[in-house]
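Residue numbers (the working numbering), protein chains in the order written: chain C, 1 to 112; chain S, 1 to 94; chain H, 1 to 214.
Calculated from the structure, these hints are not laboratory results.
Fair warning: there could be bad hints in the mix.
[Stated by the list, open to error] Below are the DSS-like pairs computed for lysine-lysine, each with C-alpha atoms no more than 27 Å apart in a straight line:
hint, chain 1, residue 1, chain 2, residue 2
1, S, Lys57, C, Lys88
2, C, Lys30, H, Lys140
3, C, Lys88, H, Lys44
4, C, Lys17, S, Lys66
5, S, Lys31, H, Lys103
6, H, Lys152, S, Lys31
7, H, Lys44, S, Lys31
[Unchecked claim] To be clear about the criterion: a stretch of chain H counts as covered by chain S if any three or more of its residues have a C-beta under 8 Å from a C-beta of chain S, and this derived list gives those stretches:
hint, region
8, 143-157
9, 166-172
Even for Gly, the Cβ is constructed at its ideal location relative to N, Cα and C.
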Amino acid sequence: MADTDDPRRGYHDIGGKDYGPIDPEVTEMKPWERQSTAISNALGAAGRHLYVTDESRRAREQMGEPLYNDLDYYERSTESMKMILVEKGLFSDEELEERMSKIAQRMAEARG
Amino acid sequence: MSGNFAPGDTVKVISTHPPGHRRTPYYIRGKTGEIERVCGDFANPEELAYGFDGLPKKTLYRVRFKQSHVWDDYAGPETDTVDVDIYEHWLLPA
Amino acid sequence: MAEERGTHDHDHDHDLTFQPNIEDGEPGRYELMTYAIRELLMEKGHLTPEELRAAQEKVESLQKSDGAMIIAKAWTDPDFKQRLLDDGNAALAEVGVDAGAAKMTVVENTDDVQNVVVCTLCSCYPRAVLGMPPDWYRSKSYRSRVVIEPRKVLSEFGTDVPDDMTVRVHDSLADLRYLVIPRRPEGTEGWSEEQLAAIVTRDTMVGVANPTAS
Numbered sequence: 001m002a003d004t005d006d007p008r009r010g011y012h013d014i015g016g017k018d019y020g021p022i023d024p025e026v027t028e029m030k031p032w033e034r035q036s037t038a039i040s041n042a043l044g045a046a047g048r049h050l051y052v053t054d055e056s057r058r059a060r061e062q063m064g065e066p067l068y069n070d071l072d073y074y075e076r077s078t079e080s081m082k083m084i085l086v087e088k089g090l091f092s093d094e095e096l097e098e099r100m101s102k103i104a105q106r107m108a109e110a111r112g
Numbered sequence: 001m002s003g004n005f006a007p008g009d010t011v012k013v014i015s016t017h018p019p020g021h022r023r024t025p026y027y028i029r030g031k032t033g034e035i036e037r038v039c040g041d042f043a044n045p046e047e048l049a050y051g052f053d054g055l056p057k058k059t060l061y062r063v064r065f066k067q068s069h070v071w072d073d074y075a076g077p078e079t080d081t082v083d084v085d086i087y088e089h090w091l092l093p094a
Numbered sequence: 001m002a003e004e005r006g007t008h009d010h011d012h013d014h015d016l017t018f019q020p021n022i023e024d025g026e027p028g029r030y031e032l033m034t035y036a037i038r039e040l041l042m043e044k045g046h047l048t049p050e051e052l053r054a055a056q057e058k059v060e061s062l063q064k065s066d067g068a069m070i071i072a073k074a075w076t077d078p079d080f081k082q083r084l085l086d087d088g089n090a091a092l093a094e095v096g097v098d099a100g101a102a103k104m105t106v107v108e109n110t111d112d113v114q115n116v117v118v119c120t121l122c123s124c125y126p127r128a129v130l131g132m133p134p135d136w137y138r139s140k141s142y143r144s145r146v147v148i149e150p151r152k153v154l155s156e157f158g159t160d161v162p163d164d165m166t167v168r169v170h171d172s173l174a175d176l177r178y179l180v181i182p183r184r185p186e187g188t189e190g191w192s193e194e195q196l197a198a199i200v201t202r203d204t205m206v207g208v209a210n211p212t213a214s
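Please take these sequences and the hints and turn them into a complete structure.
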């Protein structure tokens, strides 16, 4: 059995551990999850290389274990995309948070 | 294809734990297996992960390990195996 | 649209906003983040509506899978099966499936071998053939356990593998993507490709289940 407590081991590197029973339920992708996946794929398209798979994997390994464990799959991939795009200077965290608030406001207004 | 190993060669996975983005899982480091096939040359993901071009390419192998060797208490027949994709720079002749 | 990039025209913002179903209630943090990333990238000229539309269409196409049709063809056409095993990308291209930059590695379940695929580090999956991975494939439970106790995990999926068969786990980590050709069940002699495709499920092509004739 591999040493599960080795601090040199990444929190994503879980082969051989035991995370319990497998839940066989399969869910459909939500619209925003498709949108997030599409944006990420468009940025990684051949010739673009604005955001490649390996960067997204590295971001998952860098976001910290609490966040990695708390987020579900598509939340994690969106967080990873954000981390890399901020790292590359395409926008700042502050800019993004501000825009998120504006969009939340617009959506609240639309709901009435 | 470049690459120093051929199918059937016995190889040992380097047992080291450097920081950074690595594609060789923890459980297989330090283990000995056999080259099952040479998969071709690919840009190095350990470099691509940081926005570099990953060149020169690295040869990728599929390495077959006996489960009873990988896990001390493996509950299954001796014939069971795990095949792992491993880049050349993680392999040593054994 | 292109000449408007970088401007902050308010109406323009609205043009770019994805209109979600307002019945869904308050959006979560990552839903909002997705829309904000989209708007910022478009305003700054890093993403065009055309690029996004094409990518969106591709994601929609990944909600279904060509896998069953491919397996049915492999079962009825031994030459095609051999080509799949020899060079997955080229054989898939014959049937109009673009596997992309990943190297499709096709493995065959036989009377002696049961193959099962996992990615212990993330969730590498042959999306081009099987669509988006199911929740359980991405789960930490599956990723952590199937590599160390594959027989137990398989039995939890209802698949008991006798001890005189080899279980071969494939940890798909890098540039390879795996597709399992399931064993063709007895009692399917003379079936059409359509009939055969109907019994090939996603799980049988990941290797956690086996098709049956019933």
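Status of the hints after comparison with the structure:
no.	hint	in the structure
1	S:Lys57 / C:Lys88	holds, 24 Å
2	C:Lys30 / H:Lys140	holds, 21 Å
3	C:Lys88 / H:Lys44	holds, 13 Å
4	C:Lys17 / S:Lys66	holds, 18 Å
5	S:Lys31 / H:Lys103	holds, 25 Å
6	H:Lys152 / S:Lys31	holds, 23 Å
7	H:Lys44 / S:Lys31	violated, 49 Å
8	143-157	holds (count 6)
9	166-172	holds (count 7)
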